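Chains A and B, in that order, give the protein sequences. Position 170 of the first sequence, counting from 1, maps to 170 under full-length UniProt numbering, and the rest follow consecutively. Position 113 of the second sequence, counting from 1, maps to 113 under full-length UniProt numbering, and the rest follow consecutively.
Honestly, the hints are just simulated from the structure, not real lab data. Note that the structure is predicted; figures quoted are calculated from it, not measured. The beta carbon of each residue, even a glycine, is placed where N, CA and C say it ideally should be. Check the hints yourself; a few may be wrong.
[Said to hold, decoys possible] To list a few chain B residues with every Cβ distance to chain A over 10 Å, as calculated:
(1) V2
(2) Q17
(3) C45
(4) E134
(5) I150
[To be verified] Covered, in the sense of this in silico footprint (three residues per stretch, anywhere, with C-beta under 8 Å from a C-beta of chain B), are these stretches of chain A:
(6) 136 to 148
(7) 164 to 173
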Amino acid sequence: MVKILELSKFSLNRFIVNNPSLPADYIRNAYYNGIGRHVCQLQRITFKFCKTSADSKGIRQFIETDLVDWSRANSGVVVYLKPRRHRSPVIVTEYLNGLRHWMGVRKFTPVELEWWLDFLRDRSGYELSQLMSPVNVMLPSVQGPWHPFLNRDTRLNVYQFPDAESGAYLYDKPTASQQLIQMSQQSNTSQ
Amino acid sequence: MVFLSQICMKYTPIWLQKSGRRSVFFRRVSLFRLTGAFGGLSRNCWKIAIKKWTKSIQYKPKYRRMRTSMILDLYSQRVLGAVEEHGFKLELFLSSLTKCGLELDRKSLANIAVYEPKTFESLVNLAKTKFREEGDSEAAINLKPVDGVITRGML
Numbered sequence: 001m002v003k004i005l006e007l008s009k010f011s012l013n014r015f016i017v018n019n020p021s022l023p024a025d026y027i028r029n030a031y032y033n034g035i036g037r038h039v040c041q042l043q044r045i046t047f048k049f050c051k052t053s054a055d056s057k058g059i060r061q062f063i064e065t066d067l068v069d070w071s072r073a074n075s076g077v078v079v080y081l082k083p084r085r086h087r088s089p090v091i092v093t094e095y096l097n098g099l100r101h102w103m104g105v106r107k108f109t110p111v112e113l114e115w116w117l118d119f120l121r122d123r124s125g126y127e128l129s130q131l132m133s134p135v136n137v138m139l140p141s142v143q144g145p146w147h148p149f150l151n152r153d154t155r156l157n158v159y160q161f162p163d164a165e166s167g168a169y170l171y172d173k174p175t176a177s178q179q180l181i182q183m184s185q186q187s188n189t190s191q
Numbered sequence: 001m002v003f004l005s006q007i008c009m010k011y012t013p014i015w016l017q018k019s020g021r022r023s024v025f026f027r028r029v030s031l032f033r034l035t036g037a038f039g040g041l042s043r044n045c046w047k048i049a050i051k052k053w054t055k056s057i058q059y060k061p062k063y064r065r066m067r068t069s070m071i072l073d074l075y076s077q078r079v080l081g082a083v084e085e086h087g088f089k090l091e092l093f094l095s096s097l098t099k100c101g102l103e104l105d106r107k108s109l110a111n112i113a114v115y116e117p118k119t120f121e122s123l124v125n126l127a128k129t130k131f132r133e134e135g136d137s138e139a140a141i142n143l144k145p146v147d148g149v150i151t152r153g154m155l
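One chain only, chain A, in its complex shape (with noise of 0.2 Å):
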């Protein structure tokens, strides 16, 4: 019995991939983003944090200090501010294609919290993944690609099999009889 491997995600071959516990996949653009206009693939963000705990001292700051300046700067992105009481503090970050994206920001600094905005606007939708290939492309091959098929004579459809032509040996130099044939053929042509 032939145990058939399912291509999944995560059953990846060592020798490609580094980290197996991400998935693999191409290197992926949201729509030719960035080729004519760029579209900023955040749509939403939503800060939750505790008024009054210590973990939520920093992003507190930001949002006193930082927050309306990103906002002002990123103005197609909708922000969100929940207050919630003796929780830990989270930023929930939402993209054009559907993706979701959970981070705690506990004890984190306002200079942290302002360089993970700044991943966090700039990455498109598309979850972190190994990249297979830093290279993707839409038509690969113009010519068309090699199949077994293309240099071979269309004759092989009709062939009758044992074909002494295509079944010969191919000499890389000419063997001892064919030498005397063609000495023979010169001698000839000379006289």
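Let chain A serve as the given structure and place chain B on it in line with the hints.
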């Protein structure tokens, strides 16, 4: 004074740091996130998972180095097959191309052979005429001439 243990503690992963206040669950789940693709108990049970993980991270740098040589091997295999199909040899093909001034590596040659087979055939024809023109060996003399290539010697 240098406190080496404090310095080393900065670089130990979370699953090896013993913090007394939090439960052991969080320390262990940070490793189970990485061993999710392992089989059976190796992904769920701590004692087995930590051993498998320490071994796998020893294998990773070795495999990263092997990967380049394996992929190059694959590309050379493909180019060999493509060249043999057109009745020529790999070493002669590569040496003739470098003499023509075409410094194409095996990766690009393999991609051309797979995705642009007619271009590859013309490259093989070019190499054959160059090899024939050199005329050093018996093989060069006995090689059949090929259509479609014009060299300076012919003009």
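Practice task
May I ask which of the numbered hints given earlier this structure violates, with the numbers listed in increasing order?
Solution key: Result: no hint breaks.
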